[in-house]
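*Asks:* What follows is the residue order along each chain.
There are 2 protein chains.
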Amino acid sequence: MTTKYLLDESRIPTSWVNILPDLPGEPLPPLNPGTGQPAGPEDLTPIFPMGLIEQEVSAEPEIEIPEEVREIYKLWRPTPLIRARRLERALDTPAHIYYKYEGVSPAGSHKPNSAVAQAYYNKQAGIDRLVTETGAGQWGSALSLACRLFEMECEVFMVGVSYDQKPYRRAMIETWGGTVHRSPTDLTEAGRSQASHPSGSLGIAISEAVEIAAKSPDANYALGSVLNHVCLHQTVIGQESIDAMEMAGEYPDVVVGCVGGGSNFAGLIYPFVRANLRGGRTTRFLGAEPAACPTLTKGRYAYDFGDTVGMTPLMPMYTLGHDFVPPPVHAGGLRYHGDAPSLCALVKAGMVEATAVRQTEAFASAVQFASCEGIIPAPEAAHAIRATVDEALAAKEVGEERVILLGLSGHGHFDMSAYSAYHAGELEDLEFSEADMDEALGRLPEAPSIA
Amino acid sequence: MTTKYLLDESRIPTSWVNILPDLPGEPLPPLNPGTGQPAGPEDLTPIFPMGLIEQEVSAEPEIEIPEEVREIYKLWRPTPLIRARRLERALDTPAHIYYKYEGVSPAGSHKPNSAVAQAYYNKQAGIDRLVTETGAGQWGSALSLACRLFEMECEVFMVGVSYDQKPYRRAMIETWGGTVHRSPTDLTEAGRSQASHPSGSLGIAISEAVEIAAKSPDANYALGSVLNHVCLHQTVIGQESIDAMEMAGEYPDVVVGCVGGGSNFAGLIYPFVRANLRGGRTTRFLGAEPAACPTLTKGRYAYDFGDTVGMTPLMPMYTLGHDFVPPPVHAGGLRYHGDAPSLCALVKAGMVEATAVRQTEAFASAVQFASCEGIIPAPEAAHAIRATVDEALAAKEVGEERVILLGLSGHGHFDMSAYSAYHAGELEDLEFSEADMDEALGRLPEAPSIA
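Read top to bottom, the protein sequences are chains A and B.
Read in this note's numbering, the first sequence has 42 at position 53, and its numbers run on one by one without any break.
Read in this note's numbering, the second sequence has 43 at position 54, and its numbers run on one by one without any break.
Some hints could be false.
Said to hold, decoys possible - Only pairs whose alpha carbons sit at most 27 Å apart, straight line, appear in this in silico DSSO-like list of lysine-lysine:
(1) A:Lys(-7) with B:Lys287
(2) B:Lys(-7) with B:Lys385
(3) A:Lys(-7) with B:Lys63
The hints are simulated quantities; they were obtained by calculation from the structure and are not laboratory data.
Bear in mind the structure is a predicted one, so any value in this text is a computation, not a measurement.
With the hints as constraints, model all of the structure from the sequences given.
*Replies:* Encoded structure:
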């Protein structure tokens, strides 16, 4: 009885899947917030290299992966596809549950898939230093690793409260040679203006990183989710999943992943979405988000800023309002007010479903998963596990041998304090405030209606 | 250019390699400390099941791995063999460096290889509960995982100071359903007698665990290293390494691993040792131990207790004295006063070499390894990395295409505070006291001389 499906490294994908030409409906370009006109490359050149800007707007269905990037992917890719037989037995379900595990990367999540690509294109453009922000630390550590592998410098503005609470993530970033700043700093105007908020926020940290990158000719900015090129890089996950499922002799009826900014879920499903659109497949896609930050299930489809303080182009997406502050759930990677525009377009068109999961339910399923499969999942991935369990139980209800593919985006080794809280019975289901959301939605920027 | 060599899971070994019949010299049995006579199975039945006792003394060269154990090994085995090409380039060495990575197990080290086997034989014997001790937490978490997979209870006596300093290891044990006690407890006589030492010690924790196991008909004790059956279970590492090296078309000139109690290193090298003895190979074997706890390089070859307080049979081994207290180096898994008797016999016979590594050197090499290969190693494994780097540089010196196999026993995700100390320049090279060692060696139990 086979448990793991491992592709040979010659089968690391040779191109990324660009979903943009397949998106339904009229193209909705990002808008320059000053002019209200479509944002062009010139809006992005101060902080991104042309290689990535071209990917951001490309109409090519596939984009070749540079050999140097594939060489680095070989350090951990292809990642394993594993049949969760013990979980199936525990649930007593006829469903077949497979999970694609991205936690085998050195940084412990899917994030290096894009970090390595972004470092490569910046290095090609003569950039020697990347600046970014990080909250929980997944993205900051992934970019630090990528920069080290390309012999570049990496500067990370880490949200103050995370900097204090997550010293081990910080040590990880430093082990790969990155520099970590406790944000807000006095290194930037943005930081100095926020000195009265010493615990910091992702919004402040983004502003600091962008400011440094925009001012420094040798430095660029790097973003870990949301943008088209980031989702693009993550499609190695879905492509490998298709090949490995073929080894297993199955094809998923439903694909489940967790959604924060959306890059993990997008990378998992876009190759399957294309197979639906072009290959006649009928797979369902289910994104799991925190009930405390229910962007896809409760947000409004509108143009909004990508960041909290309003520095980015306006993007068409489901949003809770760019200055809405989600409750501090442990799945820090899912605490984002919007979602990747490409993913939102698919949700809007009814081609992708979403579900909201409460964090106590997520952790209960994560502990069950760990008890069956061994791996202790990241809190983000725990949301997808809960949605998977619900799918498997629904399949049992109707007696269906449903094939479920779960994207397990990372391990929880740096999130054990959340498990401690769960075991101690101290984990709460944090509620978001509908009134706060309504107020935040009332502060959406002026832009054409798209709903 | 291939980087990873992955065996299909059908190639998980079907038997363990038992080195006992191949050991050089006269057999040296463990001795009952009361009678001075060879310890028999009856000395062990109160705390171990007969299946493991038979393995402890078996003369069979191979012992079949039960199918139930192999099924669980499939959750993470075979583990990858990886060519460290980027490290080779950084060292500018003609050596070929391969590493066998055990950190992909759910507990993050090689420990589950034996924990799963021990849980299985106990379950077969009708035992529903295992009791053990843990220092840094690697073994306690591995046994908790194994017990969960066989639906057994697991009770872990965790050294007080580790319990306080390593809450995340504790959360890991609890996530797999294990119960963790802060040792010394008031649950045992041993614990109550040590109430004046609230920070605890491994010696006290062992005493507590053994006491509970000896008194409880439904419970047994489990040990994570040193004993023959533990080393036996770990030989899946070396066997897979031989097969994967064959995929790579090479055979190691030298095999390097870290040595604490010895089970990781033994499991790595014993299949190669047999190939030397029976197959005419001439591979060298190099064990790396901390300079602060230099058992193999500075210890005396003598009969000594396996535990600190003197409850176990006397074992023939290199020892620093059973009550010698090594300095608190971060590689907690290497802080043991003795070593596996089987390994010591090979060292004594000159068939295995040992080297002592200072912890600042170990961490410097670990950071270089992480910068090249991505993976952040456990402090224990860092010692083996340093010895590997030294071998690779020696090969460069003489212009030799030396093939080096490194056993990378685990990742450092739960040891990042040590990396923080290293980055902050606060890591010290702790010295052990020769005077303390001499005194401890003066307290060796009465037993026949073997040196």
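*Asks:* Determine for every hint whether it applies to the structure shown.
*Replies:* How the hints compare with the structure:
At most 27 Å may separate the alpha-carbon atoms for a hinted pair to count; Lys(-7) (chain A) and Lys287 (chain B) exceed this at roughly 44 Å. Distance restraint check for Lys(-7) (chain B) and Lys385 (chain B): the Cα-Cα separation of roughly 24 Å lies within the 27 Å cut-off, and the hinted pair is therefore satisfied. In summary, the hint linking Lys(-7) (chain A) to Lys63 (chain B) is supported, as the alpha carbons are separated by about 7 Å, within the 27 Å threshold.
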